[in-house]
Amino acid sequence: MMEKKNNKVSVICPYCGAGCRFELIVENGKAIGIDYEPDHPVALGALCPKGNSAVELLNHPERLTFPIMRERNGKTRRITWDEALQFVANKLRQIREDFGPDAVGFLASAKVSNEENYLFQKLARLFGSPHVDHCARLCHSPSIVALSRALGSGAMTNPISDLENSRCILIIGSNFSENHPIVSRWVLNAKDRGAFIIAVDPRKTPTTEIAHIHLMIRPGTDGILLNAIMAQILREGLANYDFIASRTEGFEHLKDKLRQIDIIKAAKQVGVPVGDIVITARKYATSPSSAIVYCMGITQHRYGTDYAASCANMALLCGHIGRSGAGIFPLRGQNNVQGASDMGALAEFLPGYVRTDDVEKRQNVAKLWGCDDLPSGGLSVTEIIGAILDGKIKALFVMGENPIVSDPCSAETEKALSMLDLLVVQDIFMTETANFAHVVLPAAMWAEKSGSYTNTERRVQWSPKALNPPNEAKSDLWIIGNLGKLLGLWEIPPQPEDILREINLAIPFYGGITPERIATSKEGLIWPCLDENHPGTSILYSEKFHRENGRATFVTSEVDFEASISHEPFSLITGRVAVHYNSGSITRKLPSLLRYTPNLELTIHPSDASELGIKDGSTVLVKTAKGTVETVAKVSSSVRQGSVFMPFHFPETNRLTPKDLDPIARIPSFKDAKCRLLRKDK
Amino acid sequence: MQSMASWKIFINPERCIGCHACEMACEQTHGGASNIKVQCAPVFCRHCEVPPCITVCYRNAIEMRNGKILLIKDLCTNCGICIFACPFGAIMTTTITRRIEPKEKAHRDVPLLSRLFGGKIFPKERQIVLVHKCDGCVERAEAGVARPACAATCPSGAIECKDIAQASSSKRIRTYEVHLVTHLTHREGTSL
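Those protein sequences? They're chains A and B, same order as listed. Just so you know, we're using my numbering here: the first sequence kicks off at -6 and counts up by one. Just so you know, we're using my numbering here: the second sequence kicks off at 49 and counts up by one.
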């Protein structure tokens, strides 16, 4: 393949979780352009601006191309791969001897393939450390927990394109027009076919412009709103009682709770007209097929798990699940965050969502890996940082993550990383985190290796190798495989196909997703795909739920959401913009994207701005309990009075965010930050 | 595969989400300068049947070929009169900085001031405004790809590439479906 002069290789887009495919045009081993694939089911060949920047990313001059070691005096030097891996392996062994295997933390990545994540968490767990986690913790861990508790599986129930068949779409806490632009195509198609679109968002965004009605709620009151809508549905008798009786359990408890809700009081707390809540309740409940699309506006809260559970409750209450056009759509943010979660790169889950505290099932996995037992009780991303500060974790191995920018309260993260005895970072660029690393390992990008990726709609697709990595950069699989070999965990570094075959054995719902089947199919397969002849399942729960008795359950939250309303002057909302991607370590390096949003800006409502004497473009100081950041104000009525917005693609934003964790899913409450603003006089 | 002449580009402004994907795709296809500008909706050449830009061009640098309006770079003087003529604002300009070669010293473009000082002060570079416009992705069509890059990449379906019969029938279906659904929900008495 590689010798041909000019060829097209069909690869998966490296950005969001939508899993679009495009053709990379390769000439003489160099990417020169892209072409579109109009027959791909996810987006019909469409690509957002980020996808269009793929070639620029592959040819970026600042790529890491050789391993780097940082000396004690802070100087860096180039080393060989043998030296780097030997150093890491020796140091890891030494730390295990001195402090036990618990003293090593591993951060997997939602950007690398299923095989690499599987091998990475296997390495961590065979090494003896339970602390393996990745950034799904920071976006959709509440969805995994809440939806698996309520429905049996924590993923999106229908494919993205199925949104087209909905008659009512409730978008809550999602700005997919900017973050997953191709989703907007299907929502707009539904709108063209007469669907009613409701958006719930504290800001005006391109997504809310699509909607017929926009509920511009006070930040952090999503739970109250969802409860109020459900209370209204019950009061008007619009619930689907047949569905509730035949397919669910635990309804009585929820009913008792919802009976106590006064929707007029709730509307006041949420800050929207009562009429809008009533319309939402009627439209959602009475349409023939309704969908809920939600994202990090629901999950990144102190009670994110309860909010996500409320979304599930609402779908179950009206029976809008398990049919075409009716379902729950938690949109995932990275190209393989679904896959990384499936592969068990999470502290509480082994591959296939086997809980680490379930001794029997855990030992089954251990048996497959050829050992007696596996460690349990791992810490999450944010807890690992806390444990480093407490001196419990001495070494951290980071694969393709940038915790300094993505984790809350960056100052603490920076302090923690500088305390480590060993920090290994495996990445494509010199990120903010890599600046603290003792050893930096250059990794290959998605098109420079082959592997499978699972998109947000559970579609497992194979992305073949299109070109060679630059200079000495190596695929993550090669690095993990060889490190495992040096640590004595396995004898031969495995190939991606071998690992996928092991995944077929380890994870029942990946059983039929063999390398032979997906490597030849552009569309991939949608799990659950139980055996070789299974066609894949695009719509979940059409017959039964994935729980033991086949029934879904209403998860009633005992939390009093009203208590979480705070009366501090400003709510700080963090979010994304169309041209940037997560921690920005990629997109801030691409001039063609950076020109649209070059700097961090704070969006503030005109009334608030005039009260504080802030003008468009004036410098403001944003203060929270965690830190102070200087930024430029942008006066716009796209935010509510009393709330301000900052994108989190820039390192400054997460200096401000609080570290409180959701008690169940352990997600930090990024979106609950409260801040004060000060004008900075020149 | 559609032939080059049969399709037209349709823009659905209400669908545009302002993501700039079309600009990026256009830049890649046309070597760095985008022929599309996204304001509230993508703005670019509509390939009019009676094109005012052709009428005003005194160099005959704009011509219609297979229903596409093309700008011939070799003939264009970058005078910019087509920019004024275009009712859509679809003709773009890019300012580029070009180095002045030493042999160009006595060239008429050198500012008068420099010449007055006996050629001692010369600007090292000068700025040139280039005029360019959408060419309907001729190169892609020649390579056998039916759709222009912007229509292929548009994530929300705001830029569509269809022939006129197809577009009008889909418009009719769209209107029918909206009315059907509205009618049904009214009958059930659930609409507000």
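These are computed hints drawn from the structure, not numbers from a lab. Warning: the hint list may mix true and false statements.
[To be verified] Heads up, incomplete: computed chain B residues facing chain A, CB under 10 angstroms, no partners named:
id	residue
1	T77
2	I129
3	I131
4	A133
5	A206
6	A213
7	R222
8	L228
C-beta atoms are modelled at their ideal positions from N, C-alpha and C, and glycine is treated no differently.
Cross-check of the supplied hints:
Hint status for T77(B): holds, given a least beta-carbon distance of 8 angstroms to chain A, under 10 angstroms. Taken as an interface hint, I129(B) does not check out: its beta carbon lies about 29 angstroms from the nearest beta carbon of chain A, beyond 10 angstroms. Taken as an interface hint, I131(B) does not check out: its beta carbon lies about 23 angstroms from the nearest beta carbon of chain A, beyond 10 angstroms. Hint on A133(B) is violated. Least Cβ distance to chain A is approximately 29 angstroms, over the 10 angstroms limit.
Nearest Cβ of chain A to the Cβ of A206(B): about 9 angstroms, under the 10 angstroms cut. The hint holds. Restraint check, A213(B) versus chain A: the minimum CB separation of about 19 angstroms is more than 10 angstroms; hint violated. Here the hint on R222(B) is kept, as its CB sits about 5 angstroms from the closest CB of chain A, short of 10 angstroms. Annotation: interface hint on L228(B) holds; nearest CB of chain A at approximately 7 angstroms, less than 10 angstroms.
Consistency with the previously given hints fails for numbers 2, 3, 4, 6, ordered from lowest to highest.
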